[in-house]
Amino acid sequence: MAAVVGLPRGLLYYYYGAIWERFFTCLGAEVLVSGETTKATLDRGDILDEVCLPLKIFCGHVAEIKHQVDYLFVPRIVSLGKNEYNCPKIIGLPDLLRSAFDQLPPLIDVHVSVRQSRSDEWKAAAGSGQALGAGRLRSLYAWQKARRDAVLNPVSPGNHAACVRVALIGHPYILHDRQASLRVIDRLRSLGVAVITADMVPKKTAEQAAAILPKSLYWTYCRHLVGSALALMDAPQAIDGLLFMTSFSCGPDSLIAEIVKQHAKKRELPFMILSIDEHTAEAGMVTRLEAFTDMLARLVHR
Amino acid sequence: MNVTFPHMGHLDIILRALFRGLGLEVSPPPPVTKRTLELGAQYAPETVCLPFKLTLGNFIESLEQGAQTIITCGGVGPCRLGYYAEVQKGILRELGYHFEMIAIEPDIAHVFGNLRRLAARRTWPEIYAAFKLAGAKMEAIDTVEAKVRYLRPRVAQKRAADRIWEQFLREVDQAECRQALKACQAKAERELDALDRRETPEPLKIGIVGEIYVMLEPFVNQQLDLRLGEMGVEVHKAMSLTEYVRVHLLRNKQYLRGYREILKLAEPFLAHYVGGHGIKSIGCTIDMRHRGLDGIIQVFPFTCMPEVIAKNILPTVAASVNMPVLSLAFDEQSGEAGMMTRVEAFIDLLYFRRMRQCR
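One line per chain: the protein sequences are A and B, in this order.
Note that the first sequence covers residues 100 to 401 in the numbering used here.
Note that the second sequence covers residues 14 to 372 in the numbering used here.
Hints listed in this document are in silico derivations from the structure and should not be mistaken for laboratory results.
Predicted, not measured: the structure shown is a model, and the values here were computed from it.
One should not assume that every hint holds.
[Said to hold, decoys possible] Quick list of in silico lysine to aspartate or glutamate cross-link-like pairs, EDC-like style, CA-CA up to 16 Å: (1) A:Lys314 / B:Asp120; (2) A:Lys365 / B:Glu107; (3) B:Lys47 / B:Asp344; (4) A:Lys364 / B:Glu107; (5) A:Lys314 / B:Glu118; (6) A:Lys314 / B:Glu99.
Make the full structure from the sequences, and use the hints.
Next up, the structure:
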């Protein structure tokens with residue numbers, strides 16, 4: 100019987116989940132992805148102290164599937180480029196899980212640190228395959244195939260006829276988690292807003308825009324967020340306002356939200372931070388979104 | 014050029030010596046007060062960590078007093094400290110201040126370039142001497158402070174050791190050369206040795222681990238070491254400036270070896286560097302257990318990423334090596350009473366444990 104590899108639907112799954120799924124399927128493993136985040140996920144995941152909501156949600160997903168799988172895939176992704184780092188909580192993820200849960204299936208916690216070695220991604224692929232008993236070559240081939248074939252969800256701003264365009268800046272693991280984000284994208288659309296998120300901005304465009312920062316931001320994903328925000332502010336088809344959605348106690352976001360705010364202020368663009376945690380109430384969020392979009396609509400019509 | 018810098022414990026004494034030696038006019042920020050914190054918290058992002066807010070407050074107060082150049086540290090991540098300077102610069106500019114900010118990056122070429130610019134009229138031997146004097150002051154302060162921490166629970170007269178310590182700090186600040194510094198260190202040590210001791214059983218030994226700024230800045234940690242000392246506890250700190258500079262800046266071989274030992278101890282629980290001092294907090298907890306300490310207090314700024322990781326792993330470490338750990342997060346809301354209640358309860362627990370072990 101094929102080994103079952105579990106993928107918790109949280110954090111970096113929102114970036115690479117499609118590739119990971121293909122990779123393990125290609126190696127002949129069965130892949131089990133935890134379901135969409137629900138209220139129960141939040142309750143189950145509330146086992147760490149003082150950490151951000153996405154990390155608690157990740158724990159909730161681990162708790163959901165840990166008894167049904169032979170392995171859990173939780174890579175330690177330290178760095179994805181020269182002079183770059185990930186958030187410390189992502190770096191310490193496997194250790195945090197081991198400490199938080201009593202009974203865990205074996206973790207496939209391969210180490211990816213591109214700042215140390217450019218081939219680390221491939222080494223990690225080989226290492227992951229090895230954990231399942233696959234040979235080096237077969238693993239590398241599977242990884243190459245998965246990278247090539249995986250279709251990352253195409254996203255569109257929707258609502259082209261909308262009169263107001265809003266850039267919604269935030270980590271995909273918040274924005275695309277309908278429980279964590281309280282369906283902020285749907286809500287904005289239903290208020291007649293065209294929503295442009297950071298994942299719609301091509302990597303290169305964001306990278307070029309982020310280059311105006313006097314000191315390069317060392318957090319990979321945050322640099323993309325700031326770069327996207329800057330690119331959207333100066334794009335030919337202008338945006339009318341910016342929303343920055345972040346989780347309470349997110350370390351990097353506390354600084355980059357300030358950077359985005361400073362740049363928005365210089366361009367006199369309306370800017371609002373939406374901070375979420377497990378206690379965020381729907382009504383409060385809706386009121387703020389409505390007030391923000393009303394204000395934008397009035398500015399646009401003037 | 015009129016330079017200023019952020020406060021952190023007794024860092025001002027050391028940096029004043031260094032920058033004066035480089036031929037710069039120094040105007041250190043006024044001592045950290047409630048106003049510093051309020052200014053910082055008012056203009057900093059809401060959920061950023063406490064050192065950001067306090068150092069921002071330091072800069073505002075320095076600029077109000079006419080400082081023109083801010084010298085602070087850079088960094089490479091993944092902790093937020095490395096990006097402090099950039100964001101603080103933006104905030105201060107928005108507030109309308111005119112200044113130059115020099116963030117020293119941990120990169121030899123960058124350090125030398127900035128030195129050449131700052132100390133344009135000094136020769137390399139003069140620059141070397143300035144560093145030597147500053148380094149000697151740092152070492153003297155750390156050596157005497159360790160002695161004071163040892164003596165606090167043991168001397169007969171309350172605050173006697175601290176009076177000598179405060180006098181010593183003033184003298185170190187005024188010492189112009191290494192001979193003068195040696196003399197005042199010898200004097201302080203002599204006076205400390207001569208203090209009357211009281212008859213006590215062996216005091217409790219508590220190790221303090223965690224984030225360096227909170228550990229070293231008495232305004233933030235609410236004078237934790239002094240209070241513990243007066244409650245009859247011998248305090249050991251996982252970090253000192255001397256040790257930090259030797260390991261992370263000078264990469265001194267002997268100190269690095271010690272640092273690697275600590276990392277090895279932490280490895281079963283946290284197998285990778287997570288920025289800041291997270292991994293060290295775990296390693297030092299185990300090391301201090303081996304060295305026979307009775308308990309650990311972990312101190313860190315609220316939302317500090319590396320220490321939050323350590324905090325979540327420490328209960329497992331504590332259970333595995335049988336070492337009580339108390340974690341204390343500090344922010345602008347931290348109250349004195351809340352902290353003291355928890356520390357007192359922790360000390361009671363440690364006494365109880367010791368009694369049970371003796372029985």
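Status of the hints after comparison with the structure:
Of the supplied pair hints, the one linking Lys314 (chain A) and Asp120 (chain B) holds, its CA atoms being roughly 14 Å apart against a limit of 16 Å. In summary, the hint linking Lys365 (chain A) to Glu107 (chain B) is supported, as the alpha carbons are separated by about 10 Å, within the 16 Å threshold. Our distance criterion of 16 Å between C-alpha atoms is met by Lys47 (chain B) and Asp344 (chain B), whose separation comes to about 12 Å. For a cut-off of 16 Å, the pair hint linking Lys364 (chain A) to Glu107 (chain B) stands: about 10 Å separates their Cα positions.
A threshold of 16 Å between alpha carbons decides the hint, and for Lys314 (chain A) with Glu118 (chain B) the separation of about 11 Å falls inside it, so the pair holds. A C-alpha spacing of about 7 Å is found between Lys314 (chain A) and Glu99 (chain B), which places the hinted pair at or below 16 Å, so the restraint holds.
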